[in-house]
Amino acid sequence: MLNTFKNYTIALVAAVTLAVISACGQQVTRVETDAVVDLSGNWNDTDSRLVADEMIQDALSQSWLSRFNREQGKPPTVIVGEVRNLSHEHINTRTFIADMERALINSGEVDFVASSEEREEIRSERKDQDLHAAEQTRKAMGQEIGADFMLKGTINTIIDAISGEQVRFYQVDLTLIDLANNRKVWLGQKKIKKTIEKSGLRW
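Here my numbering is used: the first residue of the sequence shown is 366, the next is one more, and so on.
Do not take every clue at face value.
DSS-like mimics (lysine-lysine), calculated; alpha carbons at most 30 Å apart, straight line [said to hold, decoys possible]:
(1) K517 to K559
(2) K517 to K563
(3) K439 to K504
(4) K556 to K504
(5) K439 to K559
(6) K504 to K492
(7) K558 to K517
(8) K563 to K504
(9) K439 to K549
Hints in this document: simulated from the structure, not taken from any laboratory.
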């Protein structure tokens with residue numbers, strides 16, 4: 366009788382333990398990469414993609430582009446420079462820069478050159494080719510295409526909170542600069558406002 370009770374107790378403990386583990390388990394659901402999923406209210410991949418697409422579309426619709434095409438007879442060559450994160454939160458600006466580069470290249474309206482970091486790696490490869498590659502396949506130094514314009518920007522935030530409610534305001538400012546004379550040919554701005562409510566939470 367004692368052994369039966371002991372076995373019953375062990376089985377009951379095992380069942381409860383299993384139930385607790387199952388309740389604390391993690392569930393993963395795959396969603397489409399372009400689906401809007403906003404869990405924390407922080408800047409996310411959707412913000413990055415939508416802001417990049419909208420701002421690049423606006424930049425390419427302005428008069429600087431047609432003027433350059435008319436005067437130079439060719440598409441402008443653009444490079445994306447630094448985008449500074451001046452917000453209160455960590456933002457992966459590399460993802461935002463990549464989204465802008467994609468939008469620029471896919472537009473077909475401009476030529477695009479490698480960033481300063483990418484150029485260093487490419488130049489190192491050319492030096493290696495100069496020593497080791499066959500002459501007919503070797504890529505010569507001094508043949509790079511210089512950019513006509515650089516796109517730079519900042520990401521800022523303003524936080525307004527009381528009790529369990531918070532409003533987050535994001536402002537993205539982009540500037541397109543003529544590298545020949547430092548003239549600013551386009552200024553773009555995009556604003557995002559999010560309201561976040563969490564019961565029983567103090568900000």
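Check each numbered hint from earlier against the structure, then list the numbers of those it violates in ascending order. Hints 2, 4, 5 and 8 not satisfied by this model.
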